[in-house]
Amino acid sequence: MNKNITVDNLKEYSKKLMFTMKEEEYSTLKDEFDILLKQVELIDKVPGIKDYEPMSFPFPLEGAYLREDKPIDSISREDAFSNCKDVKDECVSVPKVVA
Amino acid sequence: MIKDKSIDEIRDILKTNKVEDVFEEAKVMAKEANDEYNPFVTIMDKCEHINSISKIDGVPYALKDNFSTKGILTTGSSNILKDYVPCFDSTVYKKLKEAGAVLVGKTVLDELAMGGTGLTGHTGIVRNPYDKSRITAGSSAGSAAAVALGIVPFAIGSDTGDSVRKPAAYTGVVGFKPTYGRISRYGMFPFASSLDHVGIFARNVKDIATVTDVLKGRDDKDMVTLPDENINYSENLDSSLKDVKLFYIKEVIESTSKDNEVIVNFKKLVEDLRSKGASVSEVSFDKTLLEVIYPTYFIISCAEATSNNSNLTGFIFGPRSEGATPDEVMINTRSEGFAEMIKRRFVIGSYILEKENQEKLFLNAKRIRNMIVIKMNQLFKEYDGLLLPASGSIAPKIEDSSKPDRLGSEYLILENHLAIGNFGGYPSITIPSGFVNNMPIAVNLTCAQKEDLKTLQIANNIEKVIGGDK
Amino acid sequence: MYKAVIGLEVHTELNTKSKMFSQSKNEYTKEVNSNITEIDLALPGTLPLPNKEGVRKALKLAMCLNCETPSEVMFDRKNYYYADLPKGYQLTQMTKPFGKRGYLDISVNGVEKRIGIHQLHLEEDSASMTHMSTYSLLDYNRAGVPLIEIVSEPDMNTIDEVIEYLENLRSIIKYADISEASAEKGQLRVDVNISMMKETDTVLGTRAEIKNINSFNTVKEVIAYEMKRQEEILTSGGKVIQETRRWDDTKKETVSMREKVDAIDYRYYVDPNIPVVSISDDFKEDIRKTIPVLPRERFNKYITLGVSEKDAKSIVREKEVSDYFDSVLSFGVDAKEASNWMTTRLMGYMNQNNLNICEISLTSEGLASLVKMVSEGKISSQQGKDVFAICLDEGKTPEEVVKEKGMEQISDEEAIREIVKEAIKNNSAQYEQYKAGKTALAGFFVGQTLKMSEGKANPAIVNKLVNEELNK
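Protein sequence lines correspond, in order, to chains A, B and C.
Each residue of the first sequence is one higher than the last, beginning at -14 in the numbering used here.
Each residue of the second sequence is one higher than the last, beginning at 8 in the numbering used here.
Each residue of the third sequence is one higher than the last, beginning at 165 in the numbering used here.
No lab work stands behind these hints, which were simulated from the structure alone.
Note that beta-carbon positions come from the ideal geometry of N, C-alpha and C, so glycine has one too.
Any given hint could turn out to be false.
Simulated restraints, written as ranges between beta carbons of each label pair [claimed, not checked]:
1) C:N518 / A:E75: 30 to 40 Å
2) A:D19 / C:E363: 51 to 61 Å
3) C:D429 / A:T(-9): 16 to 26 Å
4) A:K0 / C:Q406: 17 to 27 Å
5) B:K367 / C:S297: 40 to 50 Å
6) A:L22 / B:E343: 26 to 36 Å
7) C:N518 / B:E55: 52 to 62 Å
8) A:L22 / C:E276: 28 to 38 Å
9) A:I57 / B:K89: 23 to 33 Å
10) A:D19 / B:L21: 54 to 64 Å
11) C:E191 / B:K22: 23 to 33 Å
12) B:E389 / A:D36: 14 to 24 Å
Calculated pairs, EDC-like style, for lysine to aspartate or glutamate (alpha carbon to alpha carbon, straight line, at most 20 Å) [stated by the list, open to error]:
13) C:K542 / C:E563
14) A:K1 / B:E363
15) B:K89 / C:E202
16) C:K338 / C:E328
Residues from chain C shown here face chain B by an in silico Cβ test under 7 Å; the list is partial [said to hold, decoys possible]:
17) E202
18) P208
19) G209
20) L211
21) K242
22) Y253
23) Q254
24) D429
25) P436
26) S442
27) K483
28) G559
29) K560
30) A600
31) A604
32) G607
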């Protein structure tokens, strides 16, 4: 894991998340990273951590079951696109996607 | 006439007053309150009511603005959804509607529920009803304030790390987070799916139980909901404190000065409970584990939040910025729509999920979660509940709230233990326990998974003891 | 000398009634945005609801491909941003895919080869896009449709092996009722991963990935082109770039796409909204029971019964055709004869009239008795053809037609001898010529005899008796 995170790294990460941040925010973010990484050091110090499985759910859900294969009616296009800013030919329109 | 009233009291009022009139009064109060305290994003114009035989028929309430309401603006207190009107109802809203409850308004939250102060909503900060210069805590800031101001007898929030239980403590109301999966999250904007819970604010424990009864139950639209139990909580609250075995964590109490008035209040309550027949033991809990609760919570929630908000691009819903390519549209929409703090969370979350970092950051945090839950489960085999001060202080001043020492032991342990309730999905309730410098303080009770009734029963008793019911 | 090393990723759309994580209809339709719900659009607060039938079909296919299967259902998020991906992540499987370490046996030019299946997993499809001049239109009908992805090991080295693998795979998919697997409907898509290496190399070469190929013919073109392209680069001392390419059908070449394959980190992690659901051994057993006898096994059986490889291959291509053939065999006919009838006559008829086997009015029992009638000599093979045609057109049974037309072949030697004698008597001129040495005229008498018997006389017997009588 790279412990020396630079502002350029942070700009890369935000680009991958499809947004940009204000210039001055990157240094705030860098500080937050530094704090986080120090807190992570505390985690590393906890003995026996490797003996435990990572937990993805708070507890196993007994009796969890899968849905039956029964279709329901579609929602109307009006409802579906009631918030869409650009609808053409009954579809959501976006600037051309170049392959 | 309805200000500060409980559900039962309002039901009484409704015997001789129309639902619409009760609503109008709440609406007026809401508008006035908004000028000073800003709890609401949207205040309903009309009274929408369906007759029902439930215990909350005709009762006004407030709903956090991250619950989908068909035809009603739902913003998540974020600019990226500032004009979003859902075409479907969240299950919570649907159930409340069918039970005859009347929506007064959608309340302010920290943007996308990712905050703990109540200061980051896109329509402005929420102020503490007891002292305008202080925060309410968050993220369910507006819902807490709406109940604390007496506008509505109950309000709905969400709790991912402490977002119902801490604002409840700072605003002097009861705040309950039931067991994970007890109430359906369908239609509630997700923050961190494995930690998110629907939560309830009210003036007393009985009202909490009444509302929980309406909301709980298996929902086929949310796979993690628990099967129906067929127990009515509000009708089964009576129980004795005798033989109830509680414990508190030594290291939490000792992380601050024993002269801290919150601790003094807590210890007195412990004595009072003992005098009522409960046993309250001091138990030691691994300090190294306690100190990593906050980073564990932070890591898991940032990581999950990042992908939960990847659908916010402006293509199908929400404001859409200009752009020559779809990528540009996405980038501009997201850059303009998210506040800077949210973006920082996402960058951290994304970093945590990078292939080369997952093992050390994400998976280790999930291991810590497991360790803590295993330890707590063991303790819950011996004890009925964990009792602790909900916070080590009264509500901070607004200008101090972003400056806690995030590496200090006191902050880490005393201000973040509530996240244990989210790690294990434990039912957990905050009960107001007194005042310090005229500001509310509270205790928090957490019990074993699925023991929601027990939690409410014990809480009901604690509430009586605090209220001087000797 | 370079050899190609090829691995394939095949995506197939399942034929469930509803989508994989929402209850929208899973139905091919030309009406855009008509099979959608709020979950498909990823509206805030929506949650996934995994489809049990999708899980069943995935496990079924995994079993057909000899894979190890897990004891729990688990889905992961594959995170990336693209216009056709509403959630900003795709629900797929990384941690516990439904199939691992399986194989598919193929045979090319009589040589058997085992192609390893690295992994089989279940995921959801993205929305479809139509590209106009300055904008693109998104149709969410396809968003959320269940897909199974089958990832092979890079065990294939020739185009023939690739096509054989794909055809076998498609056959199995259809046999097991997983998918209609129609290329025109876009229900089967292939990604090709190809690199070149010298026979003497121990390390694999750098590979290129060519994505989203919709037809097997295009797969052939793509591989041929890539083999040539990569070999040219390598022999001139260059390096093949690891990248994603696409096939340009007009220019008939692969074209590099801008992004680099290995630059994307999808940040996979277990989806927290789908709790772990157990897969019991009983559940798996119930699925296993629904697996029909698969094409390869049937093919081998037919070969041992004497059917030619070409015919066997034809017959097993569609399960319904093979089932029909099995039924014909159950009435005790010779497999080789029956297969001739199937492939040349029956399937020829089906193709000409664009019918499938369920629409044929000749039952398997009917075909069996027709085959027997001809092989036992009750009717001639020419008559058999005629009866066949009438059965198909008029829906009658062969017995009915033969009876109606009085077509019972005459096999009684004495009866035929009388006709032969009659034919000789009536054609004394040709008889004299035959006796004078024109022995080819025997055929004339055979013809005459058949004519006089209205085609009913058994030709073999006629032949024999004509020769007997002429040589008396």
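List of violated hint numbers, smallest to largest: 8, 11, 21, 23, 26, 27, 28, 29, 30, 31 and 32
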